[in-house]
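Trainee: All chains should be modelled from the sequences, with the hints used to inform the complete structure.
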Amino acid sequence: MSTLPTVPARAGSGGPVRVRALAVAGAVLADALIWLVAHSALGIDLRIPDGPGSTTTSELLLPAVIIGSAVVSLLGWGLLVLLERLTGRAPVLWTGAASLVLALSLFAPLFGAGLTTGNRITLVLLHLTVGAVLIPAFRRGSVPDRGPVP
Numbered sequence: 079m080s081t082l083p084t085v086p087a088r089a090g091s092g093g094p095v096r097v098r099a100l101a102v103a104g105a106v107l108a109d110a111l112i113w114l115v116a117h118s119a120l121g122i123d124l125r126i127p128d129g130p131g132s133t134t135t136s137e138l139l140l141p142a143v144i145i146g147s148a149v150v151s152l153l154g155w156g157l158l159v160l161l162e163r164l165t166g167r168a169p170v171l172w173t174g175a176a177s178l179v180l181a182l183s184l185f186a187p188l189f190g191a192g193l194t195t196g197n198r199i200t201l202v203l204l205h206l207t208v209g210a211v212l213i214p215a216f217r218r219g220s221v222p223d224r225g226p227v228p
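The opening position of the sequence shown corresponds to residue 79 in the numbering used here, with each subsequent residue numbered one higher.
Treat the hints as calculated values from the structure; they're not laboratory data.
These numbers come from a predicted model, not from an experiment.
Glycine residues also receive a C-beta, built at the ideal position from the N, C-alpha and C atoms.
There are no misleading hints in this set.
Computed beta-carbon distance windows for the label pairs:
{"hint": "1", "residue 1": "Leu164", "residue 2": "Gly93", "range": "18 to 24 Å"}
{"hint": "2", "residue 1": "Thr134", "residue 2": "Ala99", "range": "33 to 39 Å"}
{"hint": "3", "residue 1": "Leu184", "residue 2": "Leu164", "range": "24 to 30 Å"}
{"hint": "4", "residue 1": "Gly174", "residue 2": "Leu152", "range": "16 to 22 Å"}
{"hint": "5", "residue 1": "Gly192", "residue 2": "Val95", "range": "37 to 43 Å"}
{"hint": "6", "residue 1": "Leu160", "residue 2": "Asp123", "range": "37 to 43 Å"}
{"hint": "7", "residue 1": "Arg96", "residue 2": "Asp123", "range": "34 to 40 Å"}
Mentor: Structure follows, in structure tokens:
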């Protein structure tokens, strides 16, 4: 009979759920702040490509940034929890998957048609910020990498 791995609570950390919830909130708030600075303080008309290969763009509104950051963060958390239940290599597998998703997410801002330089920089910052907050925070409370669960 095999048991599922448990996530040990670290002294003073409040456990992985607290760390991860704070990371989600931090990623969402950081992206909202980036949007506000770019839109309000710098006057950048934030836009996103309408789709792969599209030459048209749509306005990027603050609620879309908040919802998008939250959804991606929660999906990442869900994948990590699933991996923790299936394997002892969850931190390594999840970090690889999260890094791949982050890299792929940069294609639209970097190569999308019809975006200004300010738009590109802001979109890249939005994507990188979520990754920079979530990847280390989610790994922090994860099950240590100890190989396959017997």
